[in-house]
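Residue numbers (the numbering used here), protein chains in the order written: chain S, 2 to 160; chain Z, 8 to 377; chain C, 0 to 318.
Any given hint could turn out to be false.
[To be verified] Below, computed lysine to aspartate or glutamate pairings styled on DMTMM-like, alpha-carbon distance capped at 20 Å: (1) K216(Z) to D85(S); (2) K58(Z) to E71(S); (3) K32(S) to E289(Z); (4) K48(S) to D59(S); (5) K169(Z) to E289(Z).
[Unchecked claim] To give an idea of the interface, some chain Z residues facing chain S are shown, with a C-beta separation under 10 Å as derived from the structure: (6) E44; (7) I46; (8) V48; (9) G50; (10) H53; (11) E57; (12) E93; (13) E217; (14) A235; (15) G308; (16) Y311; (17) E320; (18) G322; (19) R335; (20) R339; (21) A377.
Just so you know, these hints were derived from the structure itself, not from any lab.
For each residue, glycine too, the CB sits at the ideal point set by N, CA and C.
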Amino acid sequence: MSQELLDLIVEKFNTLHGEESIVESKLNFGKPMVILGTEKWDLATAKLLHDDEQLQFDFLTCVTGVDYEEHMEVIYNFYSTTLDQYLYVKVNTSREEPTVMSAEPIWKSADYMERETFDLLGIDFPGHWRLKRILLEDDWEGYPLRKDYITDKKALGLD
Amino acid sequence: MSELKTETMTLNMGPQHPSTHGVFRLQLKVDGETIKEAIPVMGYLHRGSEKLAERFLYSQFIPYTDRLDYLNAMTNNYVYCSAIEELLEWEVPERAEYLRVITMELNRIASHLVWWGTYLLDIGAMSPFLYAFRDRETILDRLNEISGARMTFNYHRIGGVKWDAPEGWIEKVQETVKELHTNIQEFDVLVTGNEIFQARTIGVGILSKEKVINWGLSGPIARGSGVAIDVRKTEPYSIYDRFDFDIPTREEGDVFARYKVRIAEMFESLKIIEQACEQIPEGDIITKKGKRLMMIKPPAGEVYRRAEASKGEIGVYAISNGKNKPYRIKLRRPSFVNVSILQDLLVGESIQNLVAIFGSLDVVLGEVDA
Amino acid sequence: MDYLMMFIYAVTVMGVLLGGVTFAILAERKVIGAIQLRNGPNRHGPWGLFQTIADVLKLLLKEDVIPAKADKPIFVLAPVLAFAPAFSVMAVLVYSSSIGGADLNIGVLYFLGVSSITMLGVLMGGWSSNNKYSLLGSIRGVAQMVSYELPLVLSIIGIIIMVGSLNLTDIVNYQASMGVWFIVPQFLGFVVYMISSIAELNRSPFDLPEAESELVGGFFTEYSGFRFAMFMLAEYTYAIAIAGLATILFLGGWLGPAFLPGIVWFMLKVVGVMFIWFWLTATLPRARVDQLMNFGWKVLIPIALLNIVITAIIKVWMG
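So here's chain S without its partners, still in its complex pose (with noise of 0.2 Å):
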C-alpha cells in the first residue's frame, strides 16, 4: 500500500519535473518519505499534492526545519483526510541561503509552523505571507536551533 503509494508520487512528480526530480525516495517507518531539492519544490508540486485525485494531501500536520551543518532542510508532513494516508516530503536546502518555498498559500497551518522555523532556524520561506519572528522578540540576533548557535549567557544576563 505505502510502497504502491511512493512509487504513484514519483510517477507524478517526474512527470511534472522530468526524470530525476526527487533526490530520493524510500520507505520511512513504513510511511512513503521523498526528499527534494529546494529549486523542485514549487507551487505547482504543491498543488499537485493536495490537489491530484489519489493524493489529496489536505492536512499539512507539522513543518520540520534541520540543520544538517553542511545543508538544511525542511520536513513536510502530509496527511489525507479523505484517503487516509499520509507522506513525508523533505525539501534539501542549502545552509549559506537555505530558501524553501512557502506552502502557506496552500495549506494555512503551514503560517505559524514556517514562521517558527524561520524564527529559530533563519530559512527564509519567499511566499509567507507575514515571515516575522513568532517565539523570540523581533531584534533577537541569531537562530537558536542551528548547531553552531552559541548560547551567549552574558547577554542574556544569566551569567
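With chain S's structure known, arrange chains Z and C on it following the hints.
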C-alpha cells in the same frame, strides 16, 4: 444627517488579561466593540524546549515534555517516549501499555474538566469552575498516587513506565470512574441547557470543514466541525485498537459544538478507562533495556510520531544520529497550530464573542510557546 | 431643631447602611460560597464576620493611585457621584409605619429620578480613567442603564395606577387595606422590576460593565484604595435601596404577622430579595450586549406596557 465619523482603537489584550489563560497577547483593532483586525502575539513563555532537547540524554528530556501542555502532560510524555521507542524498535510490555492508556485518558478528562470550568468562567458563570476542580482533584489524586506528581508527572519512560500501580490502585480508579460518570452527567444537566449559555455559544465562531483542514486544526475543534480525525482511531497507537469507543463529532462547527464534543469525549474516555481496568494483565512495566538510561542510543534515523492529546494532535519529529543525545526533536504542539486560526476567526466579532471563541479553542500557553 | 433631627436621622441611616453593606457583602460571599461547595470567608472573626471590615481597612490604608493621564477632577468626583444618589434615595424609604425619612408625596418619582444619576458616576469613572477597558465598560454600563431604566419605571406604573399616589407610605397602606401584596395583582410588573433591577445594578447575569473576563474590571479598572471602596459601597447601597423599594412596592413593606415588629419584616424582605440576586450571581453565565439590549427593548418594555394596559382596563372597569 452626515455620516458619523468613527475611529478604530488599538486594544492590547494581554499579556496580562484574565481571559487569555496565561501570557498571550492579542493586538486588536476595534471599532467600538467590533474587531477589525486581530494579531496574536506569543512567545512570552518560550523556554527553547527544542534546543534543550539537543543537550540532554534521551531520557532526560521527558520532564521537559511535561511543561508543554501542563494540563495534559501524560500524552506529551507518551508521544515523546513512543517516538524514541519507534526509532529503537522496542516492544513495550503489555502492562505498561495499559497503565499508559489509563493515565493518558484520566489526564484527558482532567484537562477537559479544567477547560469546562475555565470556559464557563470566561462566559461569566463562576460556580462551574469550582465544581470542575473538585472532580479534577480526584483525578489528580489518582495520578499522584501512581506517578508521584500532580501535574508534571514524568511518568512514562522509554520502553515502559516508571512505577507500577500501587496496591488497590486499579480498584480506586474504577471507583473514580463511577463517581466521575455521575458528576460529569450532572455538569451537563446543569449547564448545557442554560438559556443564556446557549445564546452565548450557538452560532458563534463558526468554522467550516474546509477551514479546519486547511488551517491544520485538530482535536475537539476539528471534530466540532465534522472532521472526524482522531489519531486514536485513524492511526491507533499504543493499544487503542483494543478498546471500544466512539469519536464524537458535530456538524455545526460553532462554539457550542466544540463544547458538546468535549463533554461527549469525557464519557468516551471513561469508557476506555473502564475497559482498560478490566483487561489489564500482570507483568513487567518496562523493558530490561529501558532501565539503563545512559545506554539508550537509537540507530540513526528519523520518525514522526503522533498522538491525540486533549487539545489536538501532538507530534514529535525525532532525528537521531546514533549518539546518546537526540540530534533534533521537533514538537508539533496542537495549541500552537490551533491558535493561528484566531487571526481569521476573530475579524468582525465583538469583544464578548472573542472571549467565547478564544476560550473554545482550549489553548494552553505552555504549549503554544514551547 | 428640625434640622438637628434630620441630621441625626441621616447619620443613623448612614451608620445602619454601612453596617448593612458590610454584612451584605459578607452574605453574598457566604451564599455564593455555599453554592460553590466552599466555606466562604472564615478567617476574620467567628464565621468570618469581620472579613469585610478587614477588607475595608485594607482598602483605606492603600495608596491612593490616580493614573497620570487621567482627568483628575472627574476621576475624583466619579465615586462620590456614584455614591451620593444611592444614599440620597434612602431619604424617602419608609421602614415601618413609624420609622421613615421624608414623607414625600412624590416618593417614587424622587427615588427613580435621583437614582438615575448613579449612571453619571459610571460614565465619568470610565471616561476619566483614560483606559480603554474602562471606556468600553462605561459605554456598556450607560447603554444598559439607560435602556433598563425604562422597563423599571414602567413596571411600577401599574401600582401607581391602582393606588393613585406616588407616596410610598400610601402604597404600603393601600396594600394593607387591600389585604394582599402587590406581588399578586402586579406579578408581571414584579417580574419586570426584578429583571431590570438586576441590569440597573450591573449584577450577574447582566454584569457587562464590569465583566472581569472581558474588560478586566470594567469602568473601575483604574480605581484602587478607598475610591474603589466607594464604588463598592455605592453599588451595595444602591442594591439595598432597590431591594427596599421592591419590598415597599411589591412585598407590602413592613406588613406582616404581628409577632415581629414591622421593621424586622421589612429587613427580612430586603434580605430575601437580595438573596435572589446572590443566587443568580452564582448560577448564571453572562449575557451578551446585543442580547441584553434586545431583551430590554423587545421583551421587557412590551411586557411592562402590557401590564399597564391591563391594570388600567381593570381599574376603569372596576371603577
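Exercise. Against chain S, is G50(Z) within 10 Å by beta-carbon distance?
Worked result: Nearest chain S Cβ about 4 Å off; hint holds.
Exercise. Are R339(Z) and chain S close enough, Cβ to Cβ, to be under 10 Å, as the hint says?
Worked result: This interface hint holds because 4 Å falls under the 10 Å limit.
Problem set entry | Minimum beta-carbon distance criterion (10 Å), E217(Z) to chain S | holds, 9 Å
For this session: Under 10 Å, Cβ to Cβ, is where A235(Z) needs to be relative to chain S, so tell me if that hint holds or is violated.
Result: It holds, given that the least Cβ distance between A235(Z) and chain S is near 9 Å, below 10 Å.
Exercise. Minimum Cβ distance from E320(Z) to chain S below 10 Å?
Worked result: At about 7 Å, which falls below the 10 Å cut-off, the nearest Cβ of chain S leaves the hint on E320(Z) intact, so it holds.
Problem set entry | chain S contact restraint for E93(Z) - C-beta distance below 10 Å | holds, 6 Å
Problem set entry | Agreement of K48(S) and D59(S) with the hint, judged by alpha carbon distance not exceeding 20 Å | holds, 10 Å
For this session: Verify the proposed pairing of K216(Z) with D85(S), using a straight-line Cα cut of 20 Å.
Result: This hinted pair holds, its Cα atoms lying about 16 Å apart.
For this session: Would you check whether A377(Z) satisfies its interface hint, that is, whether its CB is within less than 10 Å of any CB in chain S?
Result: Constraint on A377(Z) satisfied, holds at 7 Å.
Exercise. Given the proposed pairing of K169(Z) with E289(Z), does the C-alpha separation stay at or below 20 Å?
Worked result: holds, 15 Å
For this session: Report holds or violated for the interface hint on Y311(Z), using the least CB-CB distance to chain S and a cut-off of 10 Å.
Result: Cβ of Y311(Z) sits 5 Å from chain S, so the hint holds.
Exercise. Can we keep the E44(Z) interface hint, with Cβ of chain S closer than 10 Å?
Worked result: With a minimum Cβ separation of about 12 Å from chain S (threshold 10 Å), the hint on E44(Z) is violated.
Hints 3, 6 from the list above are not met by this structure, while the remaining hints are.
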